[in-house]
Amino acid sequence: GNSVTQMEGPVTLSEEAFLTINCTYTATGYPSLFWYVQYPGEGLQLLLKATKADDKGSNKGFEATYRKETTSFHLEKGSVQVSDSAVYFCAHMNTGFQKLVFGTGTRLLVSP
Amino acid sequence: DAGVIQSPRHEVTEMGQEVTLRCKPISGHNSLFWYRQTMMRGLELLIYFNNNVPIDDSGMPEDRFSAKMPNASFSTLKIQPSEPRDSAVYFCASSLQRGEDTQYFGPGTRLTVL
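Chains U and A, in that order, are what the protein sequence lines are.
Heads up, the first sequence is in our numbering, so the first residue is 3 and it goes up one at a time.
Heads up, the second sequence is in our numbering, so the first residue is 3 and it goes up one at a time.
Isolated chain A, as found in the complex:
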């Protein structure tokens, strides 16, 4: 079975550019989570969706960040404009249904903003 798929695996961009990270959750999973991992702040939940609807975006750092889930098999996290402090590894995770507590993580996207 395919796990959570993220693309790209690595992204290097210049400050001010738009960055789009993509995620395909495990088929049949109804909840999707975006996390950010940095040395300074560890793992932080940015936003999560249930049945394609954003439930909690309180972890989104600022208006430069936005996330969408247009259908059950695809989500994007966009940063516009990007800044060097956005450099991190971004993980997507999915779980089977609301209340199901096991989250399955993708391999992550390592973002470097120069």
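The shape of chain U in the complex, shown without the other chains:
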């Protein structure tokens, strides 16, 4: 079936450290892939997305590349800030459908 698997959190980093949050998916066809971010007390916000293989989504210094061969969409940032502390959700949506399938979320904690 369709699913998304993310690394368990929390991920604890110091400011300016390199971030990787792993995400793999199972889906039929060629889904669109997403990273959403949820700040404390708020709803989810789209961080970045990619709609086809080898596409790279990027926003606010975050990047993720659609890897069809490994069915992965890992989130990376070269230098995290305290303000990046949040929960990050990987998700996919099959082409022609509207249902987002979310991973369980990964909490990121960045200390000064």
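One thing to keep in mind: the hints can contain errors.
As the list claims (entries may be wrong) - Straight-line distance between alpha carbons at most 20 Å, and here's what the computed DMTMM-like set of lysine to aspartate or glutamate pairs gives: (1) U/Lys79 <-> U/Asp57; (2) A/Lys80 <-> A/Glu16; (3) U/Lys62 <-> U/Glu44; (4) U/Lys58 <-> A/Asp103; (5) U/Lys101 <-> A/Asp58; (6) U/Lys101 <-> A/Asp59; (7) U/Lys54 <-> U/Glu65; (8) U/Lys54 <-> A/Asp103; (9) A/Lys26 <-> U/Glu44; (10) A/Lys80 <-> A/Asp58; (11) U/Lys79 <-> U/Glu65; (12) A/Lys26 <-> A/Glu64; (13) U/Lys62 <-> U/Asp86; (14) U/Lys79 <-> U/Glu10; (15) U/Lys62 <-> U/Glu17; (16) U/Lys54 <-> U/Glu78; (17) U/Lys79 <-> U/Asp56; (18) U/Lys101 <-> A/Glu46; (19) U/Lys101 <-> A/Asp103.
Since the hints were made in silico from the structure, they are not lab data.
Following the hints, put chain A in place on chain U, whose structure we already have.
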């Protein structure tokens, strides 16, 4: 521009009571989604509408849950009777049109059923 608006932001009620959650999607958006977030089950899609018509309600947990969208600018999610296991954060999201894949989320309603 106003985003998705949800009310109330917090709701505390007693078991057996009726609960109504409200959502106003972004103006001009034609698709609306209701999600539930819990620690145990993560984010689950409950139901979604296109042009005010329910398309998929397979995620609605049981008959105690119902959702309506009487017009393009308003939707409700009702739980009757409520139970403690319904305690969760309920999110509403909207997207521009069928096939448009970016969904915009509201701030959520935190429901506590005692």
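Worksheet item: For the pair supplied as a hint, U/Lys54 and A/Asp103, is the alpha-carbon distance within the 20 Å limit?
Response: With a Cα-Cα distance of about 13 Å, the restraint between U/Lys54 and A/Asp103 holds, given a limit of 20 Å.
Practice prompt. Mind checking the alpha carbons of U/Lys54 and U/Glu65 for me, to see if they're no more than 20 Å apart?
Written response: OK: U/Lys54 and U/Glu65 at ~15 Å, within 20 Å.
Worksheet item: Between A/Lys80 and A/Asp58, is the straight-line Cα distance small enough, at 20 Å or below?
Response: Within the cut-off at roughly 17 Å; holds.
Worksheet item: Does U/Glu44 lie within 20 Å of A/Lys26 when you go C-alpha to C-alpha?
Response: 16 Å, holds
Item to complete: Sort out whether A/Asp59 lies within 20 Å of U/Lys101, counting only the CA atoms.
Response: 11 Å, holds
Worksheet item: Within 20 Å, alpha carbon to alpha carbon, are U/Lys62 and U/Glu44?
Response: 18 Å, holds
Fill in: Straight-line alpha-carbon gap U/Lys79 to U/Glu10, limit 20 Å
Given that 20 Å is the threshold and the Cα spacing comes to 18 Å, the pair holds.
Practice prompt. Below or equal to 20 Å on CA atoms is what counts here, so check U/Lys79 against U/Asp57.
Written response: 17 Å, holds
Worksheet item: When you check the alpha-carbon spacing of A/Lys80 and A/Glu16, does it fall within 20 Å?
Response: 15 Å, holds
Item to complete: For the pair supplied as a hint, U/Lys54 and U/Glu78, confirm whether the alpha-carbon distance does not exceed 20 Å.
Response: It holds: about 18 Å lies between the C-alpha atoms, which stays within 20 Å.
Item to complete: Would you mind confirming whether the straight-line C-alpha gap from U/Lys79 to U/Glu65 stays at or under 20 Å?
Response: 6 Å, holds
Worksheet item: Going straight from one Cα to the other, do U/Lys101 and A/Asp58 come out at no more than 20 Å?
Response: With a Cα-Cα distance of about 9 Å, the restraint between U/Lys101 and A/Asp58 holds, given a limit of 20 Å.
Checked against the numbered hints listed earlier, the structure breaks hint 12 alone; every other hint is satisfied.
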